[in-house]
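Protein chains in written order, with our numbering: chain V, 5 to 312; chain A, 5 to 312.
Mixed in with the good hints, there may be bad ones.
It does not matter which identical chain is used: a pair holds within one copy or between any two.
Restricting the straight-line Cα-Cα distance to at most 27 Å, the calculated cross-link-like pairs of lysine-lysine (DSS-like) are [to be verified]: (1) K192 / K279; (2) K27 / K66; (3) K27 / K60; (4) K136 / K146; (5) K209 / K279.
No wet-lab data here; the hints were simulated from the structure.
There are 2 protein chains.
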Amino acid sequence: MSLLIVGSVAYDAIETPYGKTDKILGGAGTYIALAASYFTKKPQVVSVVGGDFEKKHLEMLKEHKIDIDGIEIKEDEKTFFWSGKYHNDMNSRDTLVTELNVLGTFDPKVPASYQNSEFLMLGNLSPDVQRKVIEQMTVRPKLIAMDTMNFWMDIMLDELKKTIAMVDILIINDEEARQLSGEYSLVKAAKKIMEMGPNYLVIKKGEHGALLFGENSVFFAPALPLEEVFDPTGAGDTFAGGFIGYLAQNGEVNFENMKNAIIFGSAMASFCVEKFGTEQLIDLSTDMIADRVDRFIDLMNFNYVKEL
Amino acid sequence: MSLLIVGSVAYDAIETPYGKTDKILGGAGTYIALAASYFTKKPQVVSVVGGDFEKKHLEMLKEHKIDIDGIEIKEDEKTFFWSGKYHNDMNSRDTLVTELNVLGTFDPKVPASYQNSEFLMLGNLSPDVQRKVIEQMTVRPKLIAMDTMNFWMDIMLDELKKTIAMVDILIINDEEARQLSGEYSLVKAAKKIMEMGPNYLVIKKGEHGALLFGENSVFFAPALPLEEVFDPTGAGDTFAGGFIGYLAQNGEVNFENMKNAIIFGSAMASFCVEKFGTEQLIDLSTDMIADRVDRFIDLMNFNYVKEL
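So here's chain V without its partners, still in its complex pose (with noise of 0.2 Å):
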């Protein structure tokens, strides 16, 4: 079925402690729809870029079967960057350098041809852009699903609750359900959160993996203990990205099906962090995703048969 993500495509300058990059190509549209690509097929990308922005990025999106007619232009102004560096536990960061630029006014348009996608992906925007996307659409998609972060919850938490309220999956870490909900627990998080009106919720733990929760009930999928973590930039849009794509591929909204789709999403999230950047996930095939899978299902999978 037809997907359609709504984020920033960006330029981003990273440092962690194995290296640093120039400007490289980052934003959470960008991740989200590269992982996406993987599983669904064309999905639309809806963000602003700068004259700035280069044509070979542009052309690898192509390459990737993303649909980037929603990509405004904006010749005359620059794409949005953002520069930060990582602690060597890599957990922490610090932004170094934000340059809203094209971001700061963009005005997302739903072009004619996206109307009828029936997964929508909002990644992390101001909530009432994520809303102006959602008030466009002249059919409701069959699924919404949104991130957000905790800037947002300081600067704008009645938009943010009036667009979480029209979404039927929020896709937020740890840190961000505690400082919605105002709860330690993430079981009392949850409740609190989806009574906000989504009818499911992801909690990304990041190296401590993922939990689902909705039809009452909870399924969690580890994150892969990897020798190296190079860089986790984008590694949780990565992770929407592949959960969305696997979602939008086969079309089964329940709980089940879901699960399946945290898992996928987290292999692709597992090869982002181990370049800089999108860099391994432009070189993916559906061979070494398939590997990927099959390494979760041993890490997770037992067979308890006796009896006590």
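Here the structure of chain V is known, so what remains is to put chain A in place on it, guided by the hints.
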């Protein structure tokens, strides 16, 4: 099969955001033995207490079919005492008081009737005390498991490594694994630690679950997401007790069976944290344990069928 447990039997005073206790029963040996008692027949305990140790606590252990012949009572001395206060997130605590008392001169004596134990669990103690136990066994147990802590890495690392080289499974937490190996990545840490001797390694990650390494495989079990963690004291020891108790019950020492043991250990730990100290552990039934294990299976179970 028979199980011998060596570990502290102690008194604790605990403060958490939910309340405060006077001196209550605690100690690694106590938690391990209580948890194991639900799986294996008559676990044997080697430990030492003072004249202040209450008869009712010895009786309670006996009622749980725990063999206490190996608990030496030094009438003129006092039982090991620890007091601690947990912070609001329950993930960190301050030690307020540590009175070693009888534990300071603990010279473990394995009774003749325990000599043929097939499973040996060494709770956290000085590594030379742990080694003295191994050396007293006339027949090497089929499986020796041990716990330790960062304190011993700080003050007697060489002794510790000698003891680690003699055991089959090391059961430690993530911080301890990192300190022992000098590696941040748990995958790398596991490799280095298994080069020190053990064929299996369990890394406990508290609320983030546990990893099992061995036989060129890795398995992960989550912790049960709980509404409240009331008191984390003893959770790691309870995990170890459920783990080793389950293994000793059916006697199969291999990776597949250890996966089940990890699930049962996690289930037992999830009970432990629901009340103060050993309170919840004392009152379990096999039905309650089976229900809890079912919740773990639901949490982890998925049926991936679709092909890419």
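Against the structure, the hints come out as follows:
{"no.": "1", "hint": "K192 / K279", "result": "between (36 Å within a copy, 18 Å between copies)"}
{"no.": "2", "hint": "K27 / K66", "result": "within (20 Å within a copy, 68 Å between copies)"}
{"no.": "3", "hint": "K27 / K60", "result": "within (14 Å within a copy, 69 Å between copies)"}
{"no.": "4", "hint": "K136 / K146", "result": "within (17 Å within a copy, 66 Å between copies)"}
{"no.": "5", "hint": "K209 / K279", "result": "both (20 Å within a copy, 26 Å between copies)"}
The structure is consistent with each of the numbered hints, conforming to all of them.
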